[in-house]
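> Sequence:
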Amino acid sequence: MLWKRPAGSEASNEGKTMRHIAKSALLLGAAFVAEPCLAQAADPVPEGEIVVTAQKREQRLTDTPLAISAFGEDALKARGTNSISDLVSSAPGLSGAQVSGTQPLLTIRGIGTNDFSIGVDPALGIYVDEVYIGRSAGAITNIFDVDRVEVVKGPQGTLFGRNTTAGAISIVRNQPKDRFEAHADAEYGSFNLFSVSGVVNAPLTDTVAARASLYYRKRDGDNRRVLGGPAAERIDSFSGRAALRYKGANLTYDLNVDYQRDRNGGPAYQSFTFNGDRPALGYYDTATDLGDRDSKADRDVVLVSGRGTLDLGSLSLTSITAYRHYKVDYLEDTDGGPTTILNFGTKEKQDAWSQELRLNYTGEKVDAFLGASIFEEKLDSRSAAIYDEEAVCGGIARANGAGTLPCGILLNALSGGLVPVEFTGLPRVQEDVLATGKFSSWGIYGDFTFRPVKGLELILGARYSSDRKRVTIDVPAPVTSLAPIVAGAPSLYVQSTSGVLAPP
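In this text, residue positions in the sequence shown follow our numbering: the first is 1011, and each later residue adds one.
Treat the hints as calculated values from the structure; they're not laboratory data. Where hints are given, some of them may not hold.
Calculated pairs, DSS-like style, for lysine-lysine (alpha carbon to alpha carbon, straight line, at most 30 Å) [as the list claims (entries may be wrong)]: (1) Lys-1357 - Lys-1464; (2) Lys-1388 - Lys-1464; (3) Lys-1448 - Lys-1359; (4) Lys-1087 - Lys-1187; (5) Lys-1388 - Lys-1306; (6) Lys-1337 - Lys-1375; (7) Lys-1479 - Lys-1359; (8) Lys-1359 - Lys-1388; (9) Lys-1187 - Lys-1306; (10) Lys-1375 - Lys-1306; (11) Lys-1479 - Lys-1448; (12) Lys-1479 - Lys-1375; (13) Lys-1375 - Lys-1228; (14) Lys-1337 - Lys-1306; (15) Lys-1375 - Lys-1448; (16) Lys-1228 - Lys-1357; (17) Lys-1357 - Lys-1375; (18) Lys-1464 - Lys-1337.
Between beta-carbon pairs, the in silico distance windows are [claimed, not checked]: (19) Lys-1187 - Ser-1475: 35 to 41 Å; (20) Pro-1430 - Phe-1201: 48 to 54 Å; (21) Glu-1386 - Phe-1460: 55 to 61 Å; (22) Asp-1084 - Arg-1273: 28 to 34 Å; (23) Ala-1395 - Thr-1482: 18 to 24 Å; (24) Ser-1093 - Val-1463: 44 to 50 Å; (25) Ala-1395 - Ala-1196: 40 to 46 Å; (26) Ser-1093 - Thr-1434: 45 to 51 Å; (27) Gly-1199 - Lys-1375: 53 to 59 Å; (28) Asp-1310 - Ser-1200: 52 to 58 Å; (29) Tyr-1198 - Leu-1380: 46 to 52 Å.
Every residue gets a Cβ at the ideal spot worked out from N, C-alpha and C, and that includes glycine.
From just these sequences and the hints, can you work out the full model?
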């Protein structure tokens, strides 16, 4: 989506009616990419009017039948927007929360995805330079050196390559320019906040230009441990990008390489059990009793993408090729108490490759857009729950009004005497869930606008998609006999489940 604006402008059109690296490198060099172009002379655009291409052609924001909120680079800086989560306070209809340190929950008009299982795709599509970001854990992107951010509301399946049931968030970064420029910004604030960003842009030849940018942000957490240790919810994030642009007579090609490294703290939990009087007294002390274990939310993300533009007059051809890799290491002290009652952690790794082709036609009576995309993804995930059996048994008994009972007494009652009352729960039990997935998808889609008479537009859109998902999950199986555990003999219980989701 390209749009013209004065520096720092922002606008919203909410109220209107909804109308592996090698493989990527080869395709990056072979694919042609094109921008939509206008064969007909456009009406003059008033100064300050925003021009968008949400329908893959240039339109004034007031003329487009889509609901869009658009924010320029200066407007984002003024609002303190550093990540996608910060857009919630700026875009009407966009809401969300941070489910964990690596899982943002974003919705548009109340539609979103609150299931982060390995085989579930988000309802809201997030795009960086028109590259689809397929996983919520990989969607927490630092916003820096951007030209604009656009939030398109409502289903957009006929215009975007992937899942956009709720809408789409499109981040478009600044690309290399044919002039030299360099600038840097620094910031210091409360909780030892320190951030710095910088950009250098330079032409290399008459047709080639390069651009490099970086961003670093560090901040102490809002919550601290009285007994010492790293603060929860701390921020330590670095992003860097290198871009190269070739601009010929009718061909423009952009190559981008991105890297983001996060070493953040996980969320802070506080136990009401060990601090039960504080809510009753009307305050919540965030400085104490934040748990016995350091939490973390570490991420590494790599994105390589190529996008070119072939201008054929009234026709234009676009190709976008991308490879993306990310890994996550997350750990939280869920119980928030001074002992290890319950901790939860997860490690996840993704490799994804995508290719999109688009053809645009712009005429006097008809504007047409046709697209095709393929998406392949491999995902590995391991989740673990670590808990103290005696503490969990005591919590179950207390929740049922029986006070605090030893594990043996509780399990003896629940099992009808199968477990002896002298049984002692293990101080540390870890249950792992291992999951792997291979996903592939392809789709064809189109959007057509007809103008039979002046002042009347008829819009027709269609899409066909095919998804194939293979998921293997290894989980702890139900224990049918407690005898091996009671006797103290080591035992292993594993259950493997496999299935395929595909058309019959």
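> If a hint holds in the structure, say so; if it does not, say that too.
Now for the hints, and whether the structure bears them out:
no.	hint	in the structure
1	Lys-1357 - Lys-1464	57 Å, violated
2	Lys-1388 - Lys-1464	50 Å, violated
3	Lys-1448 - Lys-1359	12 Å, holds
4	Lys-1087 - Lys-1187	21 Å, holds
5	Lys-1388 - Lys-1306	24 Å, holds
6	Lys-1337 - Lys-1375	48 Å, violated
7	Lys-1479 - Lys-1359	17 Å, holds
8	Lys-1359 - Lys-1388	8 Å, holds
9	Lys-1187 - Lys-1306	39 Å, violated
10	Lys-1375 - Lys-1306	56 Å, violated
11	Lys-1479 - Lys-1448	6 Å, holds
12	Lys-1479 - Lys-1375	42 Å, violated
13	Lys-1375 - Lys-1228	53 Å, violated
14	Lys-1337 - Lys-1306	13 Å, holds
15	Lys-1375 - Lys-1448	44 Å, violated
16	Lys-1228 - Lys-1357	23 Å, holds
17	Lys-1357 - Lys-1375	53 Å, violated
18	Lys-1464 - Lys-1337	53 Å, violated
19	Lys-1187 - Ser-1475: 35 to 41 Å	37 Å, holds
20	Pro-1430 - Phe-1201: 48 to 54 Å	52 Å, holds
21	Glu-1386 - Phe-1460: 55 to 61 Å	35 Å, violated
22	Asp-1084 - Arg-1273: 28 to 34 Å	30 Å, holds
23	Ala-1395 - Thr-1482: 18 to 24 Å	20 Å, holds
24	Ser-1093 - Val-1463: 44 to 50 Å	46 Å, holds
25	Ala-1395 - Ala-1196: 40 to 46 Å	42 Å, holds
26	Ser-1093 - Thr-1434: 45 to 51 Å	47 Å, holds
27	Gly-1199 - Lys-1375: 53 to 59 Å	55 Å, holds
28	Asp-1310 - Ser-1200: 52 to 58 Å	28 Å, violated
29	Tyr-1198 - Leu-1380: 46 to 52 Å	50 Å, holds
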